[in-house]
Amino acid sequence: MKILETKSLKKYYGKGDNLVKAVDGVDLSIEEGKFVAIVGSSGSGKTTLLHMIGGLDRPTEGKVFIDNKDIHSMDDESLAIFRRRKVGFVFQTYNLIPVLNVWENITLPIEFDLKTVDNEFIEELMRTLNIYDKKNALPNQLSGGQQQRVAIARALATRPAIVLADEPTGNLDSKTSLEVINLLKQSVRKYHQTLVMITHDEKLAQMANRIVRIEDGKLLNREGEPC
Amino acid sequence: MLKYMKIAWKHIKEYKKRSIAMILSIILSTFLIVTMGSLSESARVLQVDDMIQNTGRNHVFYNGLSKDQIDKIRKEENVKEVANSFNYGTWKSNNGVNVDILTGEEKLLYMLDTEIIEGKYPTEPNEIAIEGWVLDRLRLPHELNKNIKLSSKENGEKEFKLVGIIKNRLHSQSHDFRNAFIAFDEGKLAQDKESIETLVEFKEGVTYKNEAKKLGKAIGIKDKSQIQLNKMLLDAMGELEAVDWNLVRISLLLMLVGGIVIYSLYSISVLKRVQEYGMMRAICSTKKQIIYIILSEIFILYIVGASLGSLTGMLFTYVLKGSKMAIFITEAQYKLDTVVISKFSIGLAMLSALGSILLAGLRGGILANKVSPIEAMNKATQDKNIETKGRESFIERFMNVQNKVSYKNLKRNKKVLIFTIIAMAVGSTFFMAKSFKEELHGRSREKLESIGDKSPWSEILLNLDMNEPMKNGYTKEQLDEIKKIPQVENVFYIQALYSKLKLDKEQLNETNGENYIKFMNEKGFYPDMNLGDFYIEGDTKDSVMIRNVVTGLRDKDLEYLGKIFSILQNEKIDINRMKNEPVAVVYIPKTKENGAPYDEKAKGRYEPVLDIKNGDKIKVTIPKEGYAKGIDNMELLSEHKKYSSQYVDKEFTVIGIVDELPTQYRDQNVVAMPTVPYVLISENMFKELSGIDNSYRAVRINLEENISKENYKAVKEKSQELSEVFERTLFVDMYEYNKEQEKSSITDNLFQNAIAVILIMISGLSIYNNINYNLISRTREHGIMKSIGLTKKQFRKMIGFEGIMYGSISAVFSCIVALIAEIGIFVYQVYLFPLYVFPIPTYTKGFFIDWKSFLIVIAINLSIGYIATIGPRRQVDKIEITDAIRSID
Chain L
356 MKILETKSLK KYYGKGDNLV KAVDGVDLSI EEGKFVAIVG SSGSGKTTLL HMIGGLDRPT
416 EGKVFIDNKD IHSMDDESLA IFRRRKVGFV FQTYNLIPVL NVWENITLPI EFDLKTVDNE
476 FIEELMRTLN IYDKKNALPN QLSGGQQQRV AIARALATRP AIVLADEPTG NLDSKTSLEV
536 INLLKQSVRK YHQTLVMITH DEKLAQMANR IVRIEDGKLL NREGEPC
Chain S
464 MLKYMKIAWK HIKEYKKRSI AMILSIILST FLIVTMGSLS ESARVLQVDD MIQNTGRNHV
524 FYNGLSKDQI DKIRKEENVK EVANSFNYGT WKSNNGVNVD ILTGEEKLLY MLDTEIIEGK
584 YPTEPNEIAI EGWVLDRLRL PHELNKNIKL SSKENGEKEF KLVGIIKNRL HSQSHDFRNA
644 FIAFDEGKLA QDKESIETLV EFKEGVTYKN EAKKLGKAIG IKDKSQIQLN KMLLDAMGEL
704 EAVDWNLVRI SLLLMLVGGI VIYSLYSISV LKRVQEYGMM RAICSTKKQI IYIILSEIFI
764 LYIVGASLGS LTGMLFTYVL KGSKMAIFIT EAQYKLDTVV ISKFSIGLAM LSALGSILLA
824 GLRGGILANK VSPIEAMNKA TQDKNIETKG RESFIERFMN VQNKVSYKNL KRNKKVLIFT
884 IIAMAVGSTF FMAKSFKEEL HGRSREKLES IGDKSPWSEI LLNLDMNEPM KNGYTKEQLD
944 EIKKIPQVEN VFYIQALYSK LKLDKEQLNE TNGENYIKFM NEKGFYPDMN LGDFYIEGDT
1004 KDSVMIRNVV TGLRDKDLEY LGKIFSILQN EKIDINRMKN EPVAVVYIPK TKENGAPYDE
1064 KAKGRYEPVL DIKNGDKIKV TIPKEGYAKG IDNMELLSEH KKYSSQYVDK EFTVIGIVDE
1124 LPTQYRDQNV VAMPTVPYVL ISENMFKELS GIDNSYRAVR INLEENISKE NYKAVKEKSQ
1184 ELSEVFERTL FVDMYEYNKE QEKSSITDNL FQNAIAVILI MISGLSIYNN INYNLISRTR
1244 EHGIMKSIGL TKKQFRKMIG FEGIMYGSIS AVFSCIVALI AEIGIFVYQV YLFPLYVFPI
1304 PTYTKGFFID WKSFLIVIAI NLSIGYIATI GPRRQVDKIE ITDAIRSID
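From first to last, the protein sequence lines are chains L and S.
Counting in this note's numbering, the first sequence runs from 356 upward without gaps.
Counting in this note's numbering, the second sequence runs from 464 upward without gaps.
Since the hints were derived computationally from the structure, they do not count as laboratory data.
Each residue gets a CB set at the ideal place from its N, CA and C atoms; glycine is no exception.
Relax, there's no trap hidden among the hints.
Restricting the straight-line Cα-Cα distance to at most 25 Å, the calculated cross-link-like pairs of lysine-lysine (DSS-like) are: (1) L:Lys470 to S:Lys1255; (2) L:Lys370 to S:Lys1341; (3) L:Lys490 to S:Lys874.
Covered, in the sense of this in silico footprint (three residues per stretch, anywhere, with C-beta under 8 Å from a C-beta of chain S), are these stretches of chain L: (4) 406–415; (5) 431–442; (6) 446–455; (7) 463–474.
The following block holds chain L by itself, in its conformation from the complex (with noise of 0.2 Å):
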């Protein structure tokens, strides 16, 4: 089943000569509980891609549907709280919010969600990242490797639909990279979550189901010609 599909996705940027095509058609469909590879070179169009997945970015043309739904169809406030049960983000920069605690921090889509925090699953989630012993520290205590576990956690908190994962190891030494990614595709699978991860490490692309390659903000076929 279809839990991500983009029908002719552009993201133009510019006018007239200065007009750079940084997502030039793409047409994407991806299955549910798949782990996905996004490669690409530097400037590839990859990270757009993955903003206009995750409603971050809207687009100059194209449809993004995540469970059946036009994403970009919706309106500003609608799309934000579609993200924050419906998408998990974790960034090359791990993005967490300096002055919250790993706690606060993980919970944060929830609470903004006014729901109530499942403590067992945030507990077991943070046990599974092995990150609990750390549950009251700040950011600026934790090294990267946590960081970024607790970004996964903060993604996969709100048990969403799908995981977008921009260059997560980025960051990152190749040791912790690969203890990172292992615990990334081991929590997706443990709560049926699918996972879509940009990358220019082919080594860890590997490690997906499948490896979706852009070039100029194109998708490449196997035989690596734009389709």
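Add chain S to chain L, keeping to what the hints say.
Same frame as chain L, now just chain S:
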């Protein structure tokens, strides 16, 4: 250096908004200091001018000089003007008005701050010049060359020609001091040098006090009493006090507010550029070079801001010319005719602006140089300082997560918070304290008026002269005629008797009492006026007699006294007992340890000079026969021994001690100043004591606010007629003066409010900027929260909450500081120094909270806090979430 200036100039141009805000803050700060400093100095000059009107322009006067000595003075380099005069005598006019005639050189008018407005100054022996209002009092037409017959005890009857009309001296008019001027007689210098007074004004720039003494020595004066300094004028000039603490206080307040604003604005401006400085350092700029760039920028901003600020300050001060204002350093009202641009305040403004901007620059420079270029470029300097506390605070438990983030951020920016609060508290406290004072005076006045008295603001005053025999006075019937004139609100009148109190020495309140009688004898009871001793040894060695005044009150006034007691002292007095029994209410002056009633600077607290309590017996003694025979009071006052056989005693039981003497119970003569004890009794007892009935010596007439011109004229005419019944009667018409005072006080309020608005505005600017920076610097954080599902609505609420939090904390702090200040003002005005410091006692004895000003300050603080979030909110709203997150990458 030029290259750094160029870079700095580029910075300024690049960040136009920020640079304009910086320049604006310097302008506002210097403007504020220059304006207020100049106004304060102008006010001081006006105070000096006013004092010149009251006491004359001369810095010193010498008496008893010879012609040679006067000639020597004229030749002295530092002497600006000299005027000689002597008393010709007292002219007793046909309508009972006494006028003191001065024989003086023409320069005397200059010294007395007046001039001829019609005709000329008398040059011939039979010529005379008189002020317009004095002619009115004498009922003489303002007609030049008219002959006036003048009779004086000293020179008999003589005819003079009116050759000049002199400009009214308002001070003399409001005190009913009447003078006429005749030509100076040079011959007198040789004949009777003892009575000559030589008034000397020195040139500007010299120390007048020293110069007066130096000159005295130079012309050979050996007796120090021949040199009389014009102390009141020198005091107004600030020459008698080494440090002008008032100016220092105002300056410090201004420096604080101005400094905080500039400092916080520039600090933020530099902090915002830490990234840029990091980049410069990454491309090999040295730390020194960064500092040079910052200094260059400071230099440009400072020169532009400080010059514009000073200029606008000067212009604004000129614009205020002609307006009426209250001086900052006294309670009096002045019309701002003279505008002085204070060099001191310009210097102060320049220094304070430079100091604060340099301090901020230095802080920014140190920070830019302390962090590594990479950190600076990433702006990753903030998160490092965040600390954790194990548990969340109590208040956080009641907050949703967005508000918690705001609250934690607020706690994280403690310095910003402290600056914000201080800046706001200064402006708010100024406004609230001012508002409280106004309310306190308003309530006090209301209270007084609610018990039927507005005597401190009476329009017309009649008071028999102290020479006038005690049995003389106006009758009820005469005074009722005034009361019958429409729009006369009420007429207060009292009986008064100059008497002596027979006391046991034990009844003197220790050091205060002992020093008091000494002080009064030597200085306080006008030893030059031939009033006799204030204190006389009693019949036994343990007893003593001191001067006092007995006031006989009508039934209506007794009731009023009862009300005053219940309001002022929360006590009840038995009025009915007062009507029929020899019981009295006593007013006892208060002094500090040195015994001088008006000495604010003396050590210790004000204490009553007599140790008299309720139930004690006091003995009043009066020369009953002397009063009945109508002997001149001065004679009776000065010759105690001669008339001692005529004194009779009457004992009264004290049933109340009034802390402050209600104004309408006062006799205006110096012998009855509120520095002497008063014994308040009923009319019945007054009659029994003195045998005097239906004879009132002190009258106060209150007019309705909107009295017509005709009715006012009728009251004035009737009052003047009454004033002429007895010679030398004090007749004061304050109608126009009171009206002017009221207008002045309205303008003054506007002016004071304007200062509060400027202070709040300048503090508001600082708060706005701080909150603005704080929010903008967290754009990334906001982006993150939006990316994980924070809706626009939630975001707006969150930001709004943060602004309101700043506003609330600042409001709470301001309210606390203001409340402390208000309690201080209240205690000072009502309990510590209720008497002698303020012209009218404060009748509100209970502390109150001026809710209006509190609500205004809370509303202003909350509004500024909230408004400050609108800009950043819009700015952050405009930024795409993806850009916001990327702002750290």
